[in-house]
Each structure stands twice: as structure tokens, then as C-alpha cells.
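What follows is the residue order along each chain.
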Amino acid sequence: MSRGMPRASGYFRTDYAQDLALTQTRLERASLLAFAVMLAAFPFLATAFYLDLACQVFLAAIGALSLMLLTGYAGQISLGHAGLLAAGAFTAGILFREFNAPFWVTLPAAAAVGALLGIVFGLPSLRLRGLYLAVSTLALHFVVVYLGGEYESKRGYSTGIMIDAPTIGGYAITNGRVWYFVLLVAAAATLLICINLLRSRTGRAWRAIRAHETVAEALGINIAAYKLLAFVISSAMAAVAGALFAYYRHFVSVEAFSLFLSIQYVAMIIVGGMGSLLGALLGAVFVTLFPYLIEAALQQLPNAQSYAGVLFAVNYAAFGVVMILFLLFEPLGLVGIWHRVQHYFLLWPFKHRPVAGAGK
Amino acid sequence: MAELTIESLRLRFGGLVVLDGISLAIEAGELLALIGPNGAGKTSVLNCISGIYRGEGAIRFRGQGIGGRPPHDIAQLGIARTFQHGELFPQMTVLENLLIGRHSHIRTNPLSEMLFLPTVRREELRQREAAEKIIDFVELERYRHTRVGGLPFGTQKLVGFARALALEPALLLLDEPSAGLNRDEREDLARFILRIKHQLGIAMIWIEHDMQMVADLADRICVLDYGRILAEGHPADVLKHPEVIRAYLGSANENDDREVKP
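Which chain is which? The protein sequence lines are A and B, in order. FYI, this note's numbering numbers position 112 of the first sequence as 112, with every residue one higher than the one before it. Heads up: take any position in the second sequence, counting from 1, add 360, and you land on this note's numbering.
Hints may be right or wrong, so weigh each one.
As the list claims (entries may be wrong) - Label pairs and their computed distance ranges (CB to CB): (1) B:G514 <-> A:F12: 25 to 33 Å; (2) A:F35 <-> B:G514: 39 to 47 Å; (3) A:F329 <-> B:F497: 15 to 23 Å; (4) B:L477 <-> A:F35: 49 to 57 Å; (5) B:L560 <-> A:F350: 28 to 36 Å; (6) A:R340 <-> B:R546: 48 to 56 Å; (7) B:G428 <-> A:I119: 21 to 29 Å; (8) A:Y16 <-> B:E528: 34 to 42 Å; (9) B:F373 <-> A:R97: 26 to 34 Å; (10) A:F329 <-> B:L560: 34 to 42 Å; (11) A:V120 <-> B:S472: 24 to 32 Å; (12) B:A388 <-> A:Y16: 47 to 55 Å; (13) A:P331 <-> B:L560: 27 to 35 Å.
Note that these hints are calculated values from the structure, not bench results. The beta-carbon is built from N, C-alpha and C at its ideal position, and this holds for glycine as well.
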């Protein structure tokens, strides 16, 4: 993968394997390690509220990464992401309720259901493009949510399906701190899978399809197969995220998987920055924390109590405004801002931009 | 046996007849120039061969019928092409563009790629070496990690050329590779075309408007006009053909004694 950040002079690679390494310089390794230490220390310093926020961010990150593969790299628009999360959550919920299946069965099952649904979601992409494809995925979202709702009402779980905490070797994961690490590992594993796919044949084929379908085809890429593969992999990941969400909340209900959730995921990859995994992560953090920030901001106002009723509406409106602002002023998203900051400090205190194309 | 044979190829868009019974054959290692006025159907011939358009009539590559096959199948059989406007992947580096050209030669599956298993790592390194050989061949070493979108136009066209070579084709379709190039770049291009012919022995169908270049390099010329073959044969003969002069080359008046020297 090409990286945006120019490197210091005097840094040379002496064989091709060094180009494949994920971290290139000592500074990169050191900062990565420092970040890992911070992540590991966080649950021991944070309150239960912040712990929950972090867990939500990790879950959102898995979903956003999977959507980024599909939309940001393979170029296939989907408005059905909430439907896939719902499919995963319901797979876990139904298997637990009906067969008392343990989580090491339900998670792979959720992935399998997601992969199958991915083929269904992906089939329209062989004929449709852009807005039309988005609408077809939207339709499928409603089908999945409808089926989930039918199950709930037929089986008498009209308020939702309760799920027990997953157990590993007799130990039930109920503790927030343990959940934090479980979800952190899941998100990190998803990130690594995405990075690996993108630096090999499949990822290159996806990017080629997004850039230019006809040319990709003329270069020997079977675009139908790779589009479907993008849907399958992305959907399987999303379904796993949905199943994890169900376990984390101990609860599955169709209400959680509204169209607004799909839009939130699309917002994550747009606000974060299309075509960047870092963008998906930043977007997940931003969109997850945004309502809490608005709430905190409102509480600073005088007469905070009197606004409590409109908090919901303010949240939606502010979310919409931020989306529009990003589309207008920062189409590259948060990752674009991040790269500008990096470039600024690279030669700080001097102001000259690095020569285009240098040092990549 | 001819590398590629086309028999009475017809292509119609609604009522518009684009190709009207084209028959062509190209031998292994041959450099065939396809010339003709704008709208004669030159690019359509290439599009039919590479499967982007579906015409009527038989197209056989090494004796195997390829008419009606999807483009990716045809590319995997060993027919690569460049595009008139480059059509590169501007956000990707030169190296990444070439590795996409290597697609059909890479043997890894998505599951092992997810884990970047040692087999994937070895394969990536092997492909990198293959790509580097091509970078070396077209002398693009200094740009290998540069985003293609930021390169000068002439260099971009060269990358498109290199990307087609990365497929290790037996037949290369070149769609106006010299369009928009300056004199130096054209000379480089001529050098690369000759090196491909002599060192790699790849057969080429080459659409070109630069008659001097065609006369200098081509083994054989095929002139297309309104979807029909007007003339075909050795450059010296074809470029003197009265029909060709009338339809394409043109002569200002009888006194005009300039002519393209073969």
C-alpha cells in the first residue's frame, strides 16, 4: 500500500521484502508500541462509562472497516449494512435461544450467514451501479429486518431476544474490562485482515475495479467474481460485528438496526475518509462519540435541563450538518486532516510542502 | 499457424455499421500497423479482439475461438492491450499498476491473503521481481513508488505500455501509443516497440497516426476505412496505394512530391 507520509532522507530499503513490512522505521514501531500500551492501560484508568464508549467504538470500527473494504476500495455502494449487522445479531440470538448454542458456534455461524447474504446483496452489483445499487441493498436491508421482526413476534420475543454472556472455559464474559479486550482484539484482527487483503492480489483487484471497471476486466480481472467476493467478505465481517454487538448488549432487537444505523456507517467512511482504513477507524470514533459530545456540549449551556427534551432532535440535526460540512469542505475526511497535520510537522518550523511524489 | 485470425468480423451499433466484414491474420512476432481516418473502426477492432465489444464473425487466438468470451478470459489467454487515453489507475503507484497487470499470474487465494501466510509473502516477492523486470525494460525505475496521476503524460503512457507487458502477453494491442507524445518520447516509444518485437517476440497490432513511424517500424500495414479493409500489405506498397492516398493520406495537388519514405 502506498502511504501518504514522506519519509526522512537517508532511509533506504535494500530488498523487496522490506517494502512488504507493515512498519518501516523505528519511529513508526515506537509510536505503534506506545499506542498499544495506551490502549492496554485505558481500561484500568477509565470509568465504566468510558469503557462502554470504547467498546462501542471497537464494534463500530469492525463495521466501518468492513464497509470501507466494500465501498472505499471495491467501489460498491451499500445502504444495507445495518441489515447485515442485524443478520449476524439474529443468527447469534436465534441459535442461542433455539439450540442453546455456545458463542464459538454462533460467531462462525453468523459469519457464514453474513457471507451467504453477501452473495444475495452482491448479485445486483453485477448489473447495477451507484444509486441503483444502493437502493437494491436498501431493499435487502428491509427484508432482513422484516424477517427478524417476524421471528421476534412469532416466538413471542416482541421486546427482543435476551442472550446470556458468552463463556470461555466456564468463565462468563460479563466484566466490562474483559469485554474491552475481547472487542479490542476483534477490531485489531479485522484491521489486520483488511490490511493483508489490501496489500495482495484481492485488494489490488478491488481497487482496480473501483478505479476503472472496463480496464480492470481487460487486464484479466474477473470483475463479477471480485465484486461478489467484496460483498461476501464485507458482509461476513459485518455479521460477526452484529453477533458481537448482540453478546455485548445481551440483547437483540430489530429496533437497533434501523436505516439510520446504515447511514451512520456510511457517514463513518465518508467523515473518516474514503479509501483509507485509518479513515474507517477515525470515522468510527467520530460518529460513535459525536452524540455524547453534543450532549456534553448542551449540558454546558445555561438551563441545561430545559433542553433535555430536544436532545434527540439536536443530535440528528447536528449530525446532518457535520456530514454536509465534511462533504463540502473536507472531502478527504478526517484522514485528510491528519495527513495535512503530518505534512505540516514534517518540516516544522518551515512551511514548504514536500515535493510532490518525493520520498514515497 | 497465425497467432490471431479474424474472419469477416461485423459490428453494428443499432443501424450504424462500424465494422463491415473485417478479415485479418497476424503471425507470431509480427508488428501489424492498423491505420485509417478517424471513425474508421480501428479501436473497435481492438475492442472486439479484447472482448469489450461483441461482433459477429470468428476471432481465433492460436486456433481457439475467443469470440463472445468475457474480456478477463481473453486477457488471461495472453492478449493484452493499452488504451488510447492511458486509462491508468491514477491513485496507485507505478508498481501497483504493474502488479495489477500481473493479476492473472498471481496464485494466491483470499483466505491465505487475509493472514498473509508465508506462501502469499513468497508469491508477492516473486511478482515484485517480475514487475521490476518490466520496470527495468521500460526504464521507469525512478518512478516505481510514484503515484501515476502525478507523472507527466508521456511517462503515463509508458506505464500503460508496461502494465500491458506485465501480463506477459503473446499478443499486444496498442491503441495509439504515440498520441500526445513529443518527439523524444516518440523516439523512446519506437525503441521500446522494436525491443518488444526483437527481444520478447510478442506479436503486436498497433493503431497509429504517425505515418513516418508506421513506415519505419511496421512489418505490415492494414488500412481501414468506414469499417472495411481498404488495403493490406507491405508498408512500401500500401502507402503508395491510390485508394489509401485518396481516403487517408491525401495529396494536396499533383505537384506535391512529398512522400513518406518507407
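Problem set entry | Hint check, failures only | 3, 4, 5, 6, 8, 9, 10, 12, 13
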